[in-house]
Amino acid sequence: MATLTITDVKKTFGKTDVIHGVSIDVAEGEFIVIVGPSGCGKSTLLRMVAGLETVTSGEITIDGRRMNDVEPMDRNIAMVFQNYALYPHMSVFDNMAYGLKIAGTPKAEIAERVAQAAQMLQLEPYMGRKPRELSGGQRQRVAMGRAIVRKPSVFLFDEPLSNLDAKLRVQMRLEIKELQKRLGITSLYVTHDQVEAMTLADRMIVMNAGRADQIGAPLEVYANPATEFVAGFIGSPATNFLAAETLGRSGVARIGVRPENASLVAPDQGLANGTLLFAEALGAETLLHLRLTGGEMFTLRQDGTAPVPAEGETCGIGWDRVRELWFDHGGNRVRQAG
Amino acid sequence: MRDGMVENRGAGHWFTHIGLTIGVLVIFFPIWLAFVASTVSQPEIVSPPMPLLPGDQFFENYRKALVSGVNAPVALMLANSLVMAVGIAVGKIVISLLSAFAIVYFRFPGRRLFFWLIFLTLMLPVEVRIVPTYEVVASFGMLNSYSGLIFPLIASATATFLFRQFFMTVPDELAEAARVDGARPMRFFWDILLPMSRTNIAALFVILFIYGWNQYLWPLLITTDPSMNTIVMGIKQMFPSGDDVADWPVIMATSILAMLPPVIVVVSMQKLFIRGLVDSEK
Ligand SMILES: Nc1ncnc2c1ncn2[C@@H]1O[C@H](COP(=O)(O)OP(=O)(O)OP(=O)(O)O)[C@@H](O)[C@H]1O
Ligand SMILES: [Mg+2]
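Top to bottom, those sequences are chains A and B.
The first sequence begins at 614 in this note's numbering and counts up by one.
The second sequence begins at 2 in this note's numbering and counts up by one.
The hints are simulated quantities; they were obtained by calculation from the structure and are not laboratory data.
Wrong hints could be hidden among the right ones.
Claimed, not checked - A few chain A positions that, by computed beta-carbon distances, are all more than 10 Å from chain B:
1) Phe626
2) Gly664
3) Asn696
4) Phe706
5) Leu747
6) Arg786
7) Asn821
8) Tyr835
9) Leu855
10) Pro880
11) Arg914
12) Gly917
13) Ala923
14) Gly929
Claimed, not checked - Cβ-Cβ distance ranges computed for the label pairs, FRET-style:
15) B:Phe115 <-> A:Leu895: 56 to 64 Å
16) B:Gln166 <-> A:Ser670: 31 to 39 Å
17) A:Glu746 <-> B:Lys272: 40 to 48 Å
18) B:Phe115 <-> A:Asp630: 30 to 38 Å
19) A:Gln732 <-> B:Gly111: 50 to 58 Å
20) A:Ala822 <-> B:Thr122: 55 to 63 Å
21) A:Ser670 <-> B:Ser146: 55 to 63 Å
22) A:Pro650 <-> B:Thr122: 21 to 29 Å
23) B:Glu136 <-> A:Thr667: 46 to 54 Å
24) A:Glu746 <-> B:Pro52: 35 to 43 Å
25) A:Glu833 <-> B:Trp117: 50 to 58 Å
26) A:Asn945 <-> B:Trp117: 51 to 59 Å
Predicted model, so just to flag it, every value in this text is computed and none were measured.
Glycine is no exception: its CB is placed at the ideal position from the N, C-alpha and C atoms.
Please put together the full structure from these sequences, using the hints given.
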């Protein structure tokens, strides 16, 4: 357990700036998820914390100790890689024990700690196997096991679930969350999957092109996105953005309406009109894709039991104006007065 | 129809086997003759027709070859060859593993330059640089020594290149995981890269052992002392010069003995090869 601080950290590869200055204070035992689209610098940030990438400027500290020039092994971190990075010629046991062996831990203690981790991860029947003789989910667990036996002060995860199928991903997500809570280890977790981010995070960092657009608790980020990017990235289906003038408003540039906050009303009774292009019935809910009279697309989410108009029909769309998200020309949030 | 197909396949099967058997016999026949010649007495060889079945001089001829030979005992030449071949194979593997490791995993000034320099030496076979190499070895006083036999042949661009290609297929994440686990570079090399390369190493060992074993020109040049002769050149040395009479049974016994170690290496390493091919490590 440890605190982790990242202070105005920047990263430049040659001449390209990849991280433009990210800061966060992570409390002991906190689970931080770094989320953002591909190429925004999530992995780079994580790898700087791991010590696998040098820090161009800024400072990273763990428990108050400056880490910028400390070797990965001396940072007391453990990392779970996207492709697991298990040593192919070593058994599950040896994979998990390797770090301890290098650290010179006594054999008996290694055996005990590995056994403990194996039990926690239900890996006991596989200890003698090689990684290639395991399923994806089991490999994932071994990678986790290798991280936890070292009792690190910080856990780092780089998209650990992206190679698993959807069902297993949900299961492993729960397991990771549960494990992290039980062990109380400060964690940094990279993903581009917003569902993972929402469900795992105590707080999340929404990254956009090398900047932390917003840092906050998942629901806080969802309810109060700081930028247009965050509003569009967090929440599924994505927020609808309408040019303010098409709604006859001034003072702001764009207005965001979440699909779940809008509903169908009679034509001309709502705030906008649109023709239904197609409807996706997902069972519990139905997604309606409409083209507004101004030509913009609008997605609306309604209950699966609500009536669905015929395709091509013109409908009115209404929403609660208090829940609108306003943005200025720079994409920053403009708070509604009152 | 079905029967026809089976029959056809059966016939093809037989033809293949007969073809292969004939091929084996053709290739094996000279070796058989050499073996027969090594088990008969000198007069039996020189009086035509040459016998086709082994004679009764087997122990006598082999004992004579191993213990006294013609210029030097064959046992000694075998030992020399073994030292040279193993020295060259192991040396080449160690050096090329290390240089490939350096080239792939470390960023140092002149990395590309060194790689291309190594690559360049591929284009210069021993024969081309044999005179300057001889000069160097002679001035180091390494004539008639194991180091003189081994060191000039020990660098291997081919093996370096091969290991480089292999190392580049090892995912970076593995090196990073080892780094996080606390493995310093040599530890990573020793604990992870080396075991992962072991099938490549086995394959190379076979090839390089035979390469070393079959060296002819170089040992011929730098060993003037018969006690440093290697077996492959030694066989040639046994041939009579001028009016001497060749002791053919002993020469043939020597030839057969010279063939054995490479055969043993190939056969024993073959198992490791195949195991390596069957269960892929990545
Ligand atoms: N070694 C490098 N040299 C140069 N540019 C790099 C290097 N590593 C990453 N980059 C660049 O930095 C940017 C961020 O990369 P990073 O791997 O952090 O993205 P990411 O957010 O993890 O994306 P993904 O979700 O696809 O993994 C990318 O534009 C990438 O091209
Ligand atoms: Mg990444």
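Right, here's what the structure says about each hint:
For phenylalanine 626 of chain A, the shortest C-beta to C-beta distance to chain B comes to about 14 Å, beyond the 10 Å cut-off, and the non-interface label holds. With 10 Å as the threshold on Cβ separation, the claim that glycine 664 of chain A sits away from chain B is violated: the shortest Cβ distance comes to roughly 8 Å. At the 10 Å boundary, the C-beta of asparagine 696 of chain A falls inside the reach of chain B, the nearest C-beta of that chain being 6 Å off. Non-interface call for phenylalanine 706 of chain A relative to chain B: holds, since the shortest CB-CB distance, roughly 14 Å, exceeds 10 Å.
Distance check on leucine 747 of chain A: its Cβ is at least 14 Å (rounded) from any Cβ of chain B, clearing the 10 Å threshold; non-interface status holds. The claim that arginine 786 of chain A lies off the interface holds: its Cβ sits roughly 21 Å from the closest Cβ of chain B, which is beyond the 10 Å cut-off. Residue-level check passed: asparagine 821 of chain A sits 26 Å from the nearest beta carbon of chain B, beyond 10 Å. Look at tyrosine 835 of chain A: its CB is around 33 Å from the nearest CB on chain B, clear of 10 Å, so calling it non-interface holds up.
A cut-off of 10 Å between C-beta atoms confirms that leucine 855 of chain A is not in contact with chain B; the least separation is 44 Å. Once the 10 Å rule is applied to beta carbons, proline 880 of chain A is consistent with being away from chain B; the minimum gap is 56 Å. For arginine 914 of chain A, the non-interface assignment is confirmed: its Cβ lies about 39 Å from the closest Cβ of chain B, beyond the 10 Å cut-off. At roughly 43 Å, the least C-beta separation between glycine 917 of chain A and chain B is larger than 10 Å, which holds for a residue marked as non-interface.
No beta-carbon of chain B is positioned within 10 Å of the beta-carbon of alanine 923 of chain A; the least distance is around 52 Å. With a closest Cβ-Cβ approach of about 53 Å to chain B, glycine 929 of chain A is found to remain outside the 10 Å limit, as its non-interface label requires. A C-beta distance of roughly 60 Å is found between phenylalanine 115 of chain B and leucine 895 of chain A, which places it inside the suggested range of 56 to 64 Å. Between glutamine 166 of chain B and serine 670 of chain A the C-beta distance comes to about 37 Å, which sits within the given range of 31 to 39 Å.
As the Cβ distance of glutamate 746 of chain A to lysine 272 of chain B is approximately 21 Å, the hint placing it in 40 to 48 Å is violated. For the pair phenylalanine 115 of chain B and aspartate 630 of chain A, the supplied restraint of 30 to 38 Å holds, since their beta-carbon distance comes to about 32 Å. At about 51 Å, the CB distance of glutamine 732 of chain A to glycine 111 of chain B agrees with the hint of 50 to 58 Å. The beta-carbon spacing between alanine 822 of chain A and threonine 122 of chain B, approximately 47 Å, falls outside the hinted interval of 55 to 63 Å.
For the pair serine 670 of chain A and serine 146 of chain B, the supplied restraint of 55 to 63 Å holds, since their beta-carbon distance comes to about 58 Å. A C-beta distance of roughly 48 Å is found between proline 650 of chain A and threonine 122 of chain B, which places it outside the suggested range of 21 to 29 Å. The hint said 46 to 54 Å for the Cβ distance between glutamate 136 of chain B and threonine 667 of chain A, and at roughly 48 Å that hint holds. At about 57 Å, the beta-carbon gap between glutamate 746 of chain A and proline 52 of chain B misses the expected band of 35 to 43 Å.
For the pair glutamate 833 of chain A and tryptophan 117 of chain B, the beta carbons lie near 57 Å from each other, so the given range of 50 to 58 Å is met. Taking the beta carbon of each, asparagine 945 of chain A and tryptophan 117 of chain B are about 53 Å apart, inside 51 to 59 Å as hinted.
Checked against the numbered hints above, the structure violates hints 2, 3, 17, 20, 22 and 24; every other hint is satisfied.
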